[in-house]
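Undergrad: Spelled out from the first residue to the last, the chains are:
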Amino acid sequence: MPEFKLTRRAFLIQSAVAGGGLLVGFHLPAARTRAAQSGVVTADVQPAEVNAWIVIQPDDSVVIRVARSEMGQGIFTALPMLVAEELGCDWNRVQAEYVSANDNLRRNKVFQSMGTGGSRSIRGSQEYLRTAGAVARELLVTAAARRWGVAIDDCRVENSVITHIPSGRTLGFGAVAAEAATLQPPEAVFLKEPDEWQLIGKPVKRLDVPDKIAGKPVFGTDIEVPGMLHAAIHACPVFGGRLKGFDAAAVEKRPGVVKVVGLDDAVAVVAESWWQAQQALLALPVTWDEADNGQVDDAAIRANLEAGLTAEQAVTMAEHGKPEAALASAERQVEATFFAPYLAHATMEPMTCTAAVHKDGRVEVWVPTQNATSSLEAAARTAGVDPLQVEVHNTQLGGGFGRRGANQDYTIQAVQIARTVGRPVKLMWSREEDTQHDFYRPASMARLKAALNSEGRLTGLTVRVAAPSILTSLGMKADDGHDPFALQGLADSFYDVPNLRADYALRRLHVPVGFWRSVNHSQNAYFREHFLDQLAGATGQDPYTFRLGLLKEAPKQRAVLEAAAEHAGWGTPLPEKTFRGIAVETSYGSHCAQVVELQLEDDGRFRLLRVVCAIDPGHVVNPDTIAAQVESAVTYGLTAALFGEITIGKGRVEQGNFDDYPMLTLRDMPVVETHLVPSGDFWGGVGEPPLPPIAPALCNALYAATGKPIQSLPLSAHGLRPA
Amino acid sequence: MLQLKVNGQTHELDIDPDTPLLWVLRDHLHLHGTKYGCGTGLCGSCTVHVDDRAVRACLVPVSAVSSKVVTTIEGLGEGSDAVQQAWRELEVPQCGYCQPGMIMASVALLREKPSPTNADIDAAITNICRCGTYNRVRQALLAAARKGEASDA
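Chains as they are written, first to last, in the working numbering: chain A, 1090 to 1812; chain B, 4 to 156.
Isolated chain A, as found in the complex (with noise of 0.2 angstroms):
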């Protein structure tokens, strides 16, 4: 194999840079081509993987994998942008494809991470996705080169085409492409700088929208295998219940039904369709073990909350300064507590699976999931197999929100149905078995005391928090009491306060938690920035100057504010009854801040105008994508602080669908104008900065209206409602 060398000068020429780049250095597994696989020799009319990420077809087009998964949030586009930016492929044919969790296993990781979680996918992924792309440019240009036998450097790229300068000879990527499969990568490559972009920060038609008008799209409700059955299931209501006992005869012979299949935790049927399933599943009389449980209520669980926030078993998460001195030589103190619920997900599409058990031992699983890796590992786990003998075939997500990612519940139950029936299973849950088996929320408690000095200056702050742990409910860790995902937005504020304490009380609840958008920003905001308004409001400030004046040294979190402040007019004059709230946070590497403005009717219900809001996620790949998903992440939380709750009684959820959890819809909607202030130097998310700022700007507005705080949510609870 000839030896390739690239030069700083090679490169530069080749990219028509004029500036310098990032060298970044790396490492690629060699290149599988499918020629090379299947024994053609042919290769230049064969499909070519020119490494991992970019197969060239012998058309010019690309295929550009994709590792995370696509849930709404644009990455099936973003992501391959990423990519191509670099390649210099003509972007009109470029189509994205998932990659395999099974073929990650086989291939020593070599798509990474599949997690799809964190608002991480850009962030996370950025840096090896643009370098495939510039390896792989390199690649093709130098196979190029060889074929005319001229010098690389004389070479350009664009739109998938491949010039020879000074001859005007041209060749397209297909006609290269195997030949650059068979190439040794250069050992470091020089990505592009910011201001050479020419697809990053441009408006993108997403390629997932043409399907998702038509009904196209397959989602993990939507599989069909051949033989297949359906399953409907109920798992014991109360948490950390068992199955006692069932029925089977009372619905066995009921048209359709296959089998009755009972669980450790929960009783599934299976029937020819899923209608069938789940009218015997109602009939099926069930007896459950419900442990210790059967008798908590949301009292029991206030309660135990409630004394976490004096509990003498906490952790200190962050101490800077004298937290106690500042509160006793203080001018005025203020005092707050507040509670947040749990929260149900309540992704569109329920939760699902579809699994077969294979004699031979292999296992196929279809499923919406945010890490195809963790879906594996738990059909592997599950079936006792080997996990290179499982399949996971990543199906659209009706949603995901954190729901289905680490939490493989509905894989484990699809897998454990489809080995007892001996034939392929479709597991879907009713809207009532997705509200009261999620992994909520955390329902928390926090107790905030600020000292602020005679000028109104908030010079020390003491905050602890009761609720339960997430880690801890994941079995991850955490049970020495910490867990850094407790306090986000609290532990780690961006505020300059000189004197302040933020303590974690862990507390140990039977419901289940886990990761729910934005996580613990969620609350956590809710419970700074709602504070924050009430300190400006003791002290006779603006609460968007009492602000500005703890920022000096955060000028990231200062100009989305700013930015927020002056598109929604912070200042001018609004008509009557109408007020504004403002609130700032920074979460999953993004600032954003948000104005909401709202009239107050007559009869205390209130109608929402507009969300302005100012995100900066540092660079911008897609902007109308990230527009959408400010749009998104207001929704979610919109209707979270408007009426989200999970309440427990009897030790189990006590809502099931849509009437009694519900959502937020088009004609409560407020306009939400976004604007975009990118500071261009780092990659942040936008999956879930949107949501924290939206409930405490909420509860601001209200504040300023009423005067009165809002110290629980949802507001629904307190008579607040959208007229």
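Honestly, the hints are just simulated from the structure, not real lab data. Each residue gets a CB set at the ideal place from its N, CA and C atoms; glycine is no exception.
Computed footprint of chain A on chain B, listed as stretches where at least three residues anywhere in the stretch have a Cβ under 8 angstroms from a Cβ of chain A:
#1 24-38
#2 45-53
#3 82-91
#4 97-103
#5 120-130
Since chain A is already given, all that's left is putting chain B on it; use the hints.
TA: Below, chain B without anything else, positioned relative to chain A:
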């Protein structure tokens, strides 16, 4: 045997007449564009047209529609409807799960009221979307209506 006319095709079905139309479409006719979201008529993910009117298929026993004309998202065609085109231009869908229902509800609204007001849209589009596409749904509906007005002129 029960007859059902869906998207211009007549099907003979040997089926429990109480089965909701949604499950006949999905599990018997393999038309998966119509989605299950709640089973109680609250979310609208299963919205189809019965004799051109928007209906929530999870609530309707199949026997009640056997003499009627049923249209699903698949019957709207490959995205050629004005509503679908507006949806595409404004990039309405996110995860896409509720969108067939949203689109079917919107097409039915425009058929009944070619120039809907915001209040008409508020009253007609009660579908739930967890991704928060509401504002784009409204904009796309109004854009499709404007297009319809222009072509009528």
